[in-house]
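**Q** Below, each chain spelled out in residue letters.
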Amino acid sequence: MEQVKALILTGFGLNCDNETALAFELAGAQSHRVHINALIAKKVRLADFHILALGGGFSWGDDHGAGVIQAVKLKNHIGGDLLSFVEQGKLVIGICNGFQTLVNLGLLPGLDKDYTRRSVAITYNDCGSFRDQWVHLAAAPESPCVFTKGMQAAEFPVRHGEGKFIADPDVVSALFTGRQVVFQYANEKAHPAEGVFPLNPNGSVQDIAGICDPTGRIFGLMPHPEAYNHVTNHPDWTRQKQMQIRSKKAFGMQDTKGIQLFRNGVDYIRERVL
Amino acid sequence: MIYNIEIALKPQLRDAEGSALIKKADTYFGICIQSARSIHMVTIEADIAKDDMERVQREIFTNPVTQVSSLTPGDIDFDWCIWIGFRPGVKDNPGATAMEAIADLLGKSFGPDEGIYTSRRYCLKGENLTRPDVEKLAEQLLSNPIIQRYKIFPRSQWDPVKGADVKPARVILDHIPCFDFIDIDSDQTLARISDQRNLALNARDIPIIRNYFLDPDVLAQRGKMGLSRPTDVELEYISQARSDHCNHNTFNGIFRYKDVLSGEVTIENSLFKTYIQQPTLALKEKKDWVVSVLWDNAGVGEFDEENNYVITGETHNSPSNMEAYGGAITGIVGVYRDPMGTGLGSKLFMGSFGFCVGDITYDGPLKPPLHPRRLLDGVVEGVKDGGNKSGVPTTFGQTLFDPGYMGKSLVFVTALGIMPKQVAGRPSHEKKTSPGDLIIMSGGRVGKDGIHGVTASSESFSENTPAGHVQIGDPYTQKKMHDFLLVCRDEGLIRFITDNGGGGLSSSIGESAMISNGCMVHLDKVPLKYEGLDMWEIWVSESQERMTIAVTPAHLDRFMALSTEHGVESTVIGEYTDSGKLHILYHDKTCAYVDMDLLDKGFPAWEFDAVWLPPETRGLCEPVIRSPKDVNRLLIAMLEQPNICSKEWIIRQYDHEVQGGSVIKPLVGVNHNIPSDASVTRPVLTGKKGLAFSQTLLPWYSKIDAYHMMTCTIDETVRRLIAVGGSFAHIGGVDNFCWPNIAYDAQSNPDGTFKAAQLVRACRALKDACVAYEIPLLSGKDSMYVDGHLEGAFGERIKVSALETVQFSATSVIDDVMCCLTLDPKASGDYIYVAGTTADELGGSEYYDMFGKTGRNVPRVNFAANKILYKTVEKAIGLEIPASCHGIARGGLGVHLALMAMAGGLGMEIDLSQVPAGASDLADEVLLFSESAGRFILTLAPDQAPLFEKLCKGLPVCRAGTVKAKEDSLKIKGTRGDTIVNLSSQTLADAFNKPFGDMIWNR
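Going down the list, the protein sequences come from chains A and B. Under the working numbering, residues 1 to 274 are what the first sequence spells out, in order. Under the working numbering, residues 1 to 1003 are what the second sequence spells out, in order.
This is chain A alone, in the form it adopts within the complex:
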C-alpha cells in the first residue's frame, strides 16, 4: 500500500514541527520535516507529498505581522508549486502561524476560487497579550472540511498573541454561507461563545477559530490539534481518569480528538487520492 506522505515545514522560527510530524505519524501517515529553504532550493519536491502542513511558531519572529514574511517568501519562491499542489486535490493544513500564513498567501479563504487574494486577517488578541489556554470548539457539521469530518466539538489549546480573526461583514457572511467556518470558539456545550472572554480568547468575529476553502481541502485554524496528541495533554485528564476508574472503565485507550483530526486528513488521501 502506498504511504500517505505529509510534509511539515520547518525553519525560520517555526516550532511545532516535531509534534505535528508525530501527530501525522500517529494518524497513519509518513511525516517528513522539511526546511523551507530545502523546498525553495528544490532539494525536496512538494509534488512528492500528499499533505502540506504549515505549523505553529514565530516565523521571522512575527515581527511584521504573524505569518506575513513566511507568506511573502513562499509566494515569491514556490507560489506556483503551492497552487498546483492545491489544484491536484491535495491537502493543506495551517495551524496557528500556519493559518496566519495561509490567509496572508490568500490560500484561505479562497472565495470564488481565488487563491491569491488576502481578504481576511488574523490580528492582535483583544485581551492585549499572548495567551495559552484550552478552548472549546464547535465544529460545523455540514462543513466540507476534510479534517473535521464527523466532528461536532473539540478541545484544543490556543497559544497566540495574534489570533483575532477579522474580515469585512460580507466576507464573513460569505464564509458562513459557504460552510467555510469550520471551528467556532464555544462553551462546554458546544454553543458558540458569542464573543465572551475567555471562551473566545481573542475577540475573533463570530467566534471564528478555523476556516477552510470552498473545497474543504485547505484548512486553517488557530487552536493546536497536534498539542492534543496524547490523553495526558488534556488539562482535565487526571479528573477524567478518576471518573473512568470509578465507573470501572478503561482510560486513555482511544485516539485523542487531535489525532482524529489528522487521521481524517490521512484517510481522505488514502480513499480519494491514492
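One should not assume that every hint holds.
[Unchecked claim] Here are the simulated lysine-lysine pairs, BS3-like style, with alpha carbons at most 30 Å apart:
#1 Lys249(A) / Lys50(B)
#2 Lys249(A) / Lys689(B)
#3 Lys257(A) / Lys688(B)
#4 Lys248(A) / Lys953(B)
#5 Lys688(B) / Lys5(A)
#6 Lys249(A) / Lys688(B)
#7 Lys249(A) / Lys966(B)
#8 Lys108(B) / Lys43(A)
#9 Lys994(B) / Lys5(A)
#10 Lys75(A) / Lys50(B)
#11 Lys950(B) / Lys248(A)
#12 Lys248(A) / Lys871(B)
#13 Lys871(B) / Lys249(A)
#14 Lys10(B) / Lys75(A)
#15 Lys249(A) / Lys994(B)
#16 Lys689(B) / Lys248(A)
#17 Lys75(A) / Lys108(B)
#18 Lys601(B) / Lys257(A)
#19 Lys871(B) / Lys689(B)
#20 Lys432(B) / Lys601(B)
#21 Lys257(A) / Lys953(B)
#22 Lys10(B) / Lys113(A)
#23 Lys248(A) / Lys688(B)
#24 Lys42(A) / Lys108(B)
#25 Lys189(A) / Lys994(B)
#26 Lys966(B) / Lys189(A)
#27 Lys875(B) / Lys248(A)
If you're looking for bench data, these hints aren't it; they were derived computationally from the structure.
Given chain A, put chain B in place with the hints provided.
**A** Using the frame of chain A, we list chain B on its own:
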C-alpha cells in the same frame, strides 16, 4: 536613499497597543488619555528604487485587511505625538527581520552603509494632557533612556511633511581599530589602569599578573611575537577569566566562620568543593542515572534507555534592573544556549522563570532605576517573547515580592534539554577540542553591546555602571541556530560546542582551548555588526546568540552548507592548537600571546570573614499575637496577599505546551487557574516517561537563619515533585544563589560578615539536605551582589539589599505519566488526609508577615521522617490510591486547603483536631498557618482508605475530613469543635483572583 514607512491599523479597528497605553497611563499615573493610536515606523536606508520600495511596502508591511501605510507621515489626528526609537547599536529585532524579508523579496544584499530601523509613534488625544504628562508617559512608560530615544510633538509643532523626522539609527564609530600596551611598572599603575578601563582586577591578583608579564622567559617568548608589555586584549582576557561570574571566587574563597555564641571558629577552604562538589561526586558514584556533572554548561541525567536530559539555571539580575524587557529576554534566550552547548548539544524542551521584585504598589521616596511595577511588566514580557519565540514551553514559574528586591530584583531562568545518549556513534555528553579543529562562530554578529557585562554583574549597581551592557535577546536568530546545530550534531559534525555568554569569545575560546592546550584566533575574521571595534572589544563582547564550535576541516563544507540552508551565519575564526599558547591575531599581527596555564599561576583565593549571630543574639523572638477571632476574613486576606494570590496573568502569557508533551500544566483544577505543585512534560513523545520539574523560593526564612531557608527550600522542592508522582530515587537539583555582598567593609558593607556567615550556613544546609535526600547537584550558579544604592528624598543614597535568596530547582523522572496526579480533589465523598507533622513553626511565615512580624520559630526539616513519608506517598501514588495530592507550602494548611477547594470546585470539611501535630496544645492559627516542612494534603476514594492507611501505618498521617459537593463550602472545624472557617469556593476564588485579576484582560 532613506524611506520612512508608516503603518497604522485601519481607523475602525481596535488598537490593542493604544488601549494598553491608555490603561497603564490611568492606573500608573492617573493620566487620562481619550484615544491612543500607534503607528509602526520602518526607516529604510538602502539603495532601493521607488517602485521596488512600493512593492516592499505593499507586500511586507501592509496587510490589506487591517492596515494602512504610507511613505509619508500618516494622517492621524492627535493632541500630542510621542515618537520612540532605539538608540544606535541597540539590537533591533524587527529591523533585522525586515532586512531579511526585503533581501529575499528583491534579491538584494544589504551593504555596510545600508540598514533598517524600526520605531513607533503614538498619537494621543486628551483634552487635559499637558507636556509634563506626555513626558512622563514617554520617559516612564514607553521608553527607557538606556536603549531608546523619544521626541514629543504637540499638534501645533507638527510638520505634516517632515513628520517625526526619523533618521537611521546607524552606528558610526569612525575609529581605526587598534590595540594598546598597558603599563605595569608598578602595582599602583596597573590598579589605576584597571579602574580607568573598568577591568575590575582584584588588588591581590595584580602582583601575580605583573610577575607573569615581567618573567624573563615570558618576555623572551612574547618578544618573538613583537610583544613586551601586556596588551589590553590580554588584560581583558585575564579580567574576564578572573571575574567572580566566570571564576566563582566567592564559592572557591576561604571563609573564617565564627559563631559568636559558642566562640568556635571554623575555616572553610572552598564552599564549592566541600558542600557542592564532594557530595555530588559521591552521589554520582551511587546513582547510575547521573551522567555528567560539574564541568559542562549544564548537568546531564539519564531520561530513558536512549536519551539523557540536560538542565541548568541562571539569573540575569543587573541588566534586568536597568532595562527589564531587554534584561529578561536576554536572560532566558541566554540560558537556552547552555543546554545547546552541553555535550554535543541538546534540544531544548522546557524552561521556567522566577521573578523576585519589590512592592509593585510602592510610593515611597526611594528611586530605583525602574519602579517595581514597571520592572515586573518588563521582565514578564521579556521572558514571554524570549521563551515563546524560542519554541520552548515555559512550564513552571513563580513570582514573589519583598521590599529588599527593590534594591535589586532577581530574574531566574532555567532551561532543560534532551539529547540522544549516542550521537553518530559517540556518547553525546562528552566532547573535546583537538589540535587542528577549526574554531567556528555561529549565530549573531559582534557589536559593542554587552562589553564588560561580566565584570559589571560582579559589582553592585552604581551611578557609574556602564549602561552599554544592556542588550536585547534575539530568539528568532537563536531558534534558527538551534535547529541548525541539532542537524549538525546528528550528522556527527560537531566535536565541541559551547555558548558565548558572559565574557564572549574570551571565555568560550579561552576555556575550550584549555582542552586542546592552545589556539590561534584571527579576530579580523569575526563578523561585526559595524566597523570600528577594537580588538579587545571583539574578544570580550557579549553580543548574544552565538555559539563557538569545533569542527574538523573534513566536515567544514557540510557544516557550512547546512548553515546556509538554515539561514545561519557561521565563520571560521581560528583553530585549536597544542602550542600551550592563547594566540590572538588581527590581520596577522599578534595582539595577545599568553600561556594557556596562565590562570594557574597562583592567583590567590578570595578571603572572607564570616560572623554568625544566632537569631537569639539578634533579639528575634515570637511576636505576641492573641488568636484571631475572624478566621474567615483572615483566610480571605491571606489569599489576597501578593505572595499567595493568583499569578495567572503571567503564566497564561507563556506558552506552556508547545512541543506537545504537556502532562501536568502550571495551572490546574476545574478552572485551570490554581498553581500546580510541579510540571510534568514528555520530552520524548513516543515514550511513556515524563520529566517532573519544580522550583522553590523561600527567602523570608533567611531573616531568621539561611540554614533553614535552604533546607526548607529543598524540602519543598522535593515535596512538590512527589506530589505529582515524582520518584524519590531520582531527584536532580539545581541551586541558584543570589546573595547580597558578603565582603565586609566598615563603611560600605558593615554587615558583610553576617551575610558571609549566612552564606556558609546555606551551603552547609545545601549539603545536609542533598546528602539526606540523595540529590546530586546537576548544575548551579551564584550571583553575589544583589544590592542597590537607591536615591532617597534628599539626594541621599540608601543601600537596599535583597534577602539572602536561593532558588532551588529539581527534576525527577516518572516511569509512566499515566500515574501522575494533580492537586484538585476529584469527587465528593472522598476522604481528606493530612500527612506530616505540623509544629509551632510560624517564624518567617506568611501569617506573621501579615502583621509585619518575623518571629524566630523557623520551620526545621526532619530529613529522616520526611524521607519515609515521601517514599510512602510515592508508593501510594504509584499504586494509584490517591485521587489528589498537594504539598503544603507557603501560607500553611489553611491556604493550601483553600487552594484545593478552589481547584476541585468542591466543598471540603476538615477537623483541625485530627491534623497530626507536634504538640497537643497547638492553637488553631498555628495548625492553619504554620509552615512546617514535609506535609501533604491527599484525597482518595473511601474504598482506597484501608489500603492507604495500611501503607501509612506508624506515620503521622490522619484522616482529617471529607470532600463535599460542589455547592458546599470549605468548612474548617477548630480544635474546640467550633467552625472557624466557612467559605464557598467562589468566595475563595474571588479573593485569590482579585489582586491581579484585571491584568488578564486589557480592555
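**Q** Given the hint that Lys950(B) pairs with Lys248(A), does the C-alpha gap stay at or below 30 Å?
**A** holds (24 Å)
**Q** Next pair to validate is Lys42(A) with Lys108(B); report whether the Cα-Cα distance is within 30 Å.
**A** OK: Lys42(A) and Lys108(B) at ~21 Å, within 30 Å.
**Q** Hey, Lys10(B) versus Lys113(A), does the alpha-carbon distance stay inside 30 Å?
**A** holds (27 Å)
**Q** Taking 30 Å as the top limit, are the C-alpha atoms of Lys75(A) and Lys50(B) close enough?
**A** This hinted pair holds, its Cα atoms lying about 22 Å apart.
**Q** Measure nothing beyond the straight line between the CA atoms of Lys875(B) and Lys248(A); if it is 30 Å or shorter, mark the hint as holding.
**A** holds (22 Å)
**Q** Verify the proposed pairing of Lys249(A) with Lys688(B), using a straight-line Cα cut of 30 Å.
**A** Holds. Lys249(A) to Lys688(B) sits at ~21 Å (cutoff 30 Å).
**Q** Given the hinted pair Lys249(A) and Lys50(B), is their alpha-carbon gap at most 30 Å?
**A** Roughly 69 Å between the alpha carbons, so the hint for Lys249(A) and Lys50(B) is violated.
**Q** Take a quick look at whether Lys189(A) and Lys994(B) sit within 30 Å of each other, Cα to Cα.
**A** holds (28 Å)
**Q** Keeping to a limit of 30 Å between CA atoms, is the pair of Lys688(B) and Lys5(A) held or broken?
**A** Distance of about 26 Å is within 30 Å: holds.
**Q** Holds or violated: Lys108(B) with Lys43(A), Cα cutoff 30 Å?
**A** holds (23 Å)
**Q** Compare the distance between the alpha carbons of Lys994(B) and Lys5(A) with 30 Å, and conclude whether the hinted pair is satisfied.
**A** violated (50 Å)
**Q** Does Lys871(B) lie within 30 Å of Lys248(A) when you go C-alpha to C-alpha?
**A** Status holds; Cα separation ~28 Å.
Checked against the numbered hints above, the structure breaks hints 1, 9, 15, 18, 21 and satisfies the rest.
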